[in-house]
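Chemist: Single-letter residue listing:
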Amino acid sequence: MESINNETETLAEEIRQVLAEQPHVESLLNAFGPLLLEKSRWLAEVRNYKKTFPVDAIQYEGGISLMQQCQLFLPEDLWKSAGLAVAQGLSQGFSHLAEDIKGLSEQIAEGRFDCFSLIHSTVESDDEQLTSLAEGLGVEPALLQVFLRFLARFMLTKRAQDMAAELAPLAWKKGYCPVCGSFPQLAIIRDKGHRWLQCSDCSHEWQFPRLTCPYCDHEDPENTNYVFVEGKKEDTAFICSKCRRYLVTANRSETLRQTHPDVIAISLAHLDLILQGKGFMPMSECEWNTFKAGPG
Amino acid sequence: MKITRRRFLSMSGAIGSGIALSSLGLDLTALKAHAAELSKMDRIRTARQTTTICCYCSVGCGMICSTDKLTGKIINIEGDPDHPINEGSLCAKGAGIFGLTETNQHRLRKVLYRAPKSDKWEEKDWSWTLQRIARLVKDTRDADFQINNDKGQLVNRVESIGHYGSSNIGNEECWTLSVACRAMGLVYIDHQARV
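Protein chains in written order, with my numbering: chain A, 117 to 412; chain B, 4 to 198.
In case anyone wonders, no lab produced these hints; they're calculated from the structure. Do not rely on the hints blindly, as some may be mistaken.
As the list claims (entries may be wrong) - List time: in silico DMTMM-like cross-link candidates among lysine to aspartate or glutamate, alpha-carbon distance up to 20 Å:
| hint | chain 1 | residue 1 | chain 2 | residue 2 |
| --- | --- | --- | --- | --- |
| 1 | B | K76 | A | E350 |
| 2 | B | K72 | A | E350 |
| 3 | A | K308 | B | D85 |
| 4 | A | K166 | A | E192 |
| 5 | A | K349 | B | E40 |
As the list claims (entries may be wrong) - Computed list of chain B residues with no C-beta within reach of chain A, every gap over 10 Å:
| hint | residue |
| --- | --- |
| 6 | S25 |
| 7 | A38 |
| 8 | I47 |
| 9 | Q52 |
| 10 | C60 |
| 11 | I78 |
| 12 | D83 |
| 13 | L103 |
| 14 | R110 |
| 15 | V114 |
| 16 | E162 |
| 17 | C177 |
| 18 | W178 |
| 19 | T179 |
| 20 | V190 |
| 21 | Q195 |
The beta-carbon is built from N, C-alpha and C at its ideal position, and this holds for glycine as well.
Please construct the entire structure, taking both the sequences and the accompanying hints into account.
Modeler: Here you go:
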């Protein structure tokens, strides 16, 4: 891979390490690993393009996320390079769809496929509209879905990184993301046991009380438990019996090893599978934790 | 068109959620086998987390206590990061509090007595033990009790017995012990939490 940066190299090493330790997530990591690497590479590439937004501190601290306060997707954003990076990651991770992705990539490169307009045109589209759009582009609907999701993810992550310094001094007490309003896909327990929630869309992280459900704010210990694998207490899942949602959680308070949150979330896919089998739903559905079709 | 959270979520509804992994053509056999094995071997456990206060000293640090729902036994105790007093930190005694639970195999469960000049520990029952302690305290106190000091002032004290309190007891037990010690005339009374 050209112009690979240190962060991407570190991420690649983390993926290799998890693959060696947990071979059962090989298919997921092989599929989504290249997308994660492409995201890391793209974020390094566009580091100098920065866009910040004014934040209304009173609204923000009252629980109104940045997404609700201002427009986070702008036409002048680097959509083309993001689209090409997503297509590159997809072609490596989903080699059986290589032909479709190649066509998509060519259309983006030639300017026939405007990623920004596509994101906008699909904002309120239903499954049928999406299917006909995919047919028009000559790709599988599922592939277009993943493409658009990752495109939004790339852009939102960039936005969250640019806004991190502005948001740091402000208080945020909600279970949904202060940047994009999505629910977390993962929690990491570190420092002195603090729980950091990881946004499923923009990868922003924020602190949240350990014993409160981020999805419904329920905090009765009778209804909020955690599930763990015997002998492996660092990998757990917080479950709330009231809203029937769960949040995979990695306890990293006793280790210095740092792993990318998305890689950790993928490595806990067995817990997703088990809990969805018990009738619980993830707080946020993302590409690697959806084992049953249909919205949650 | 401005993308609001509501619009973004509706976008997610149409193109984001419900992308089942199977529809992406991924082979999940190994993952499913791993999950099935864990479930089959009953290795998936559920724990309840409750907050509590450290029993040691008056600082009152918050703790999170995890209890295995299957066995009803405590499996972990850690500092509560959301507690305003300690914010997740614990002192050496608090951090070792899990050692007080029955999970600790090294914890003494019976009285062990080593006689003077003996190199062996003997198991004793509580009746024998309490009588032995009472006897020694009484004999020492009777032998060394001072009514007046060198200046002839009334002191009513015993300087040959000291009491070293435990951090594992509550305020009420502490008060009772303190009163008992002072009633016997002890002046060297200390508490582990202070040392």
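Chemist: It remains to establish, for every hint, whether it holds in the given structure.
Modeler: Here's how the hints hold up against the structure:
At roughly 18 Å between alpha-carbon atoms, B:K76 and A:E350 fall within 20 Å of each other, so this suggested pair holds. Simply put, B:K72 and A:E350 have alpha-carbon atoms about 18 Å apart, close enough for the 20 Å limit, and the pair holds. The suggested pairing of A:K308 with B:D85 holds, with an alpha-carbon distance near 10 Å, which does not exceed 20 Å. Between A:K166 and A:E192 the alpha-carbon distance is near 12 Å, which keeps this suggested pair within the 20 Å criterion.
Pair hint A:K349 plus B:E40 holds up; C-alpha atoms about 17 Å apart against a cutoff of 20 Å. With a closest Cβ-Cβ approach of about 8 Å to chain A, B:S25 is found to fall inside the 10 Å limit, against its non-interface label. Residue-level check failed: B:A38 sits 4 Å from the nearest beta carbon of chain A, not beyond 10 Å. Distance to chain A contradicts B:I47 as a non-interface residue, since its nearest Cβ pair spans about 6 Å, not more than 10 Å.
With a closest Cβ-Cβ approach of about 6 Å to chain A, B:Q52 is found to fall inside the 10 Å limit, against its non-interface label. For B:C60, the non-interface assignment is confirmed: its Cβ lies about 19 Å from the closest Cβ of chain A, beyond the 10 Å cut-off. For B:I78, the shortest C-beta to C-beta distance to chain A comes to about 8 Å, within the 10 Å cut-off, and the non-interface label is violated. Not every Cβ of chain A is farther than 10 Å from the Cβ of B:D83; the closest lies at roughly 7 Å, contradicting the non-interface assignment.
The Cβ of B:L103 lies farther than 10 Å from every Cβ of chain A, with a closest approach of about 19 Å, so its non-interface assignment holds. For B:R110, the non-interface assignment is confirmed: its Cβ lies about 21 Å from the closest Cβ of chain A, beyond the 10 Å cut-off. The claim that B:V114 is not at the interface with chain A holds, since no C-beta of that chain comes within 10 Å of its own (minimum 34 Å). At roughly 44 Å from the closest C-beta of chain A, the C-beta of B:E162 stays outside 10 Å, upholding its exclusion from the interface.
Every Cβ of chain A is farther than 10 Å from the Cβ of B:C177; the closest lies at roughly 29 Å, confirming the non-interface assignment. Residue-level check passed: B:W178 sits 31 Å from the nearest beta carbon of chain A, beyond 10 Å. Distance check on B:T179: its Cβ is at least 32 Å (rounded) from any Cβ of chain A, clearing the 10 Å threshold; non-interface status holds. Even its closest Cβ contact with chain A, about 40 Å, leaves B:V190 beyond 10 Å, as expected for a residue assigned away from the interface.
The claim that B:Q195 is not at the interface with chain A holds, since no C-beta of that chain comes within 10 Å of its own (minimum 24 Å).
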